[in-house]
Amino acid sequence: MAGQSNTGHETYYVPDSSKLAVSASIGMTTIVYGAASVINDSSYRAGEDTNSGFILYAGLFWLAATLFVWFSTTIRENRAGMNSAQLKQSYVIGMQWFIFSEVMFFGAFFGALFYIRNLSAPWLAGEGAGTMNTLLWPGFEYSWPLLTTPQDAIGGVQAQAAAGHLANNGAFVGAEHSLSFPGFANIAHWLPLYNTVILLASSFTCHIAHMGIKQNDRKKFNLWLFITVALGCIFLYLQYMEYHEALFEYGIKLNSGVYGTTFFMLTGFHGFHVAMGTFMLLVQWLRSKTKGHFSAEDQFGFEASSWYWHFVDVVWVFLFLFVYIM
Amino acid sequence: MGAHHGPAKGLTRWLFTTNHKDIGTMYLWFSFAMFLLGGSFAMIIRAELFQPGLQIVQPEFFNQMTTMHGLVMVFGAIMPAFVGLANWMIPMMIGAPDMALPRMNNWSFWILPPTFLLLASTLFMDGGGPNFGWTFYAPLSTTYAPPSVTFFIFAVHAMGISSIMGSINIIATVVNMRAPGMTYMKMPMFVWTWLITAFLLVAVMPVLAGAVTMMLMDIHFGTSFFSAAGGGDPVLFQHVFWFFGHPEVYIIILPAFGVVSEVIPTFSRKPLFGYDSMVYATSSIAFLSFIVWAHHMYTVGMPIAGELFFMYATMLIAVPTAAKVFNWITTMFKGSITLETPMLFAIAKVFLFTVGGFSGLMLAIAPADFQYHDSYFVVAHFHYTMVAGAIFALSSAVYYWIPKWTGKMYNETMGKTHFWISFIGFNLTFFPQHFVGLAGMPRRIPDYNLMFADFNMMSSIGAFIYGASQLLFLFNIVRTITHGKPVSDPKVWEGGTTLEWTVPTPAPYHTFTTPPQLK
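In order, the protein sequence lines correspond to chains A and B.
As numbered in our numbering, the first sequence has no gaps in its residue numbers, which increase by one up to the final residue, 339.
As numbered in our numbering, the second sequence has no gaps in its residue numbers, which increase by one up to the final residue, 499.
Because the hints were derived from the structure by calculation, they are not lab data.
Keep in mind it's a predicted model, so treat the numbers as computed, not measured.
Take the hints with a grain of salt, since some may be wrong.
[Claimed, not checked] Derived Cβ-Cβ restraints for the label pairs, each shown as a range:
| # | chain 1 | residue 1 | chain 2 | residue 2 | range |
| --- | --- | --- | --- | --- | --- |
| 1 | A | Met95 | B | Ser468 | 51 to 61 Å |
| 2 | A | Phe285 | B | Asp106 | 28 to 38 Å |
| 3 | A | Phe127 | B | Pro496 | 48 to 58 Å |
| 4 | A | Ala78 | B | Phe270 | 38 to 48 Å |
Ideal Cβ placement from N, Cα and C applies to all residues, glycine included.
Using the sequences and the accompanying hints, generate a full structural model.
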């Protein structure tokens, strides 16, 4: 339905009715139900046989399959020339605002980190006027990275229970060691620095790939895009090593108090986004390599993925600053 | 291709549709169903509060009712209703053939029914449904929550995804799909308010997703975001929640402002007074909504500098809001006014929302709020904004546009009856709540001091009247569709000036497949 209408104005392609949305909703609902069931079963019915895992995986598979068909359809429509310049602009706007929503999602976790570090944790240690916290958590002192939790400070979870604290929702044993900047003497063993270099470099290689396709140089595009994907994989591998080190050598866990909490949640969500971005770029590489998709004029699938990649990179810079260095 | 034939037949038309009008219709019917569901929870609440003592429900179930009433009304009734209006009206108002991303549009909708089914089903789970209030403060929603909270968390994620996709679609439509000549400053106010609302949604729904994710991790995976024992802070939850929550209340009210900005000029037969200032006021309100969140938490123990900052920032909101109210009044001034049902609802909305705005100003004053906090005064305040502000505007919108949607005219007598019963029922319900709140009755309790008995009985009677009047509303809508007097004049209302009044009545399945030319 592209091209010119009889008034001479380019018409906007409105797709026919489609089963994609309902199928995707079935997938998402199954995931939502399955995920909540899996988590509740492991928390409240540990050891019992349930089928919730099957439901979750079925939902994930269903949604993934639907999205595969969905993206294939949009790619096919675009290649069939059904998309006017105006419709392409809609996709551009859609991707931009999607990334903005991701920025806000990370903003919530960074906001939590700043609030804890600058306000609430110092207050717990008795800073500020009019707080009773020194009575509740005697001996707790604030430092960051927080390796001694307030619970540790009063003698652990048993002591907390004995003191009659009602909101005792678990044991929070601080980590032995943090992953912050270890000083210049030990910098050679500091994985986050390597990851920073890798991710920043990958933004450049991604940009070189972009220039390649704009110059109609498919070889250059494929090569540099492949390097970008490889750098993404190396990043993920190093992060896996770092997590291993954190868990088994430094004793940093999700329940190591608020340092472990913020460390794993921020780097974990970032790592998940790197994995997503790597996958997106890999798909674009496969499209170019095997099907010869993209041209100097139209490379939106790649462009959108590259914006996402740069966004993930910028988030890492903030992580590096606020989780590791400062 | 789609543009050349009408709707498919049967159920698959609705399941597989990519048509903005079909999707708008589904949003509107879905939200009405949720309105009745949330309303029935409210009826249980008011029945229990009819007199002091426990008569009908146990406190535990009462808590589930207040929680689910809030959740269903905010996320299931009001928000989807406005999205339904956006779907129907924005493409027609800007001269676009459809929404920018029609398949995603359908997905946004079809996430909602199963999600709300799941949310409602938590009431039947072991330990009951969510019982921690619609604001789900930690640790009530973490340490002390029933197991169903996990389902609640994932339901919130799903509706957030739906909202974000819906808003991105609206932004892409407004930014990209305007007909030639439809510059930003010529857009109808309803479109403007929705553009800004969509921006707010994309900005804050992810923050809500962050809040519930932190809850999930605290409950099941041992993190300590909201646990002081691990170095976190329960108050952090309130900050994250209200960073979402305050823009959220403007997400609800801004499209309502948009509706009355369409209805009042039409029935005053005058253009909207101060169009530019309306745009700037809406933008200012949206900006301010990001820096006032902690006025919901004055009593939580913030430093004095925080109390003062949030107090002054909050009071600033009164300035652009007042500009809007003055503009609506000035639009009516010396207008050739007729009082059809949409106009009655719109005027009542302006008047009653202003009452809610004034009680909001009282609540904005930090030292005074120490008295009002968590009292029925707050309940009265936000129902004046949510019910009179948003739902009256929704009623107005339905009466205003239903002739365009269906090609049938609603029954004016029944519409006016609905209005007056709603108006009386609403005020009878919520006006006395100001008094019991100021006298010290706390919110979210199933039983209360005997001295509050009379006002509570009035409130309950008013609530039953208001609830019943919505059945009349439903009857009038169904009756309009089945037996309404046909209208065929494109310009249903003499004073209608926006683009939707240039297309045939009822609006054909596809409008503006080629864009109109605007002067």
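Structure versus earlier hints - violations, ascending order: 1
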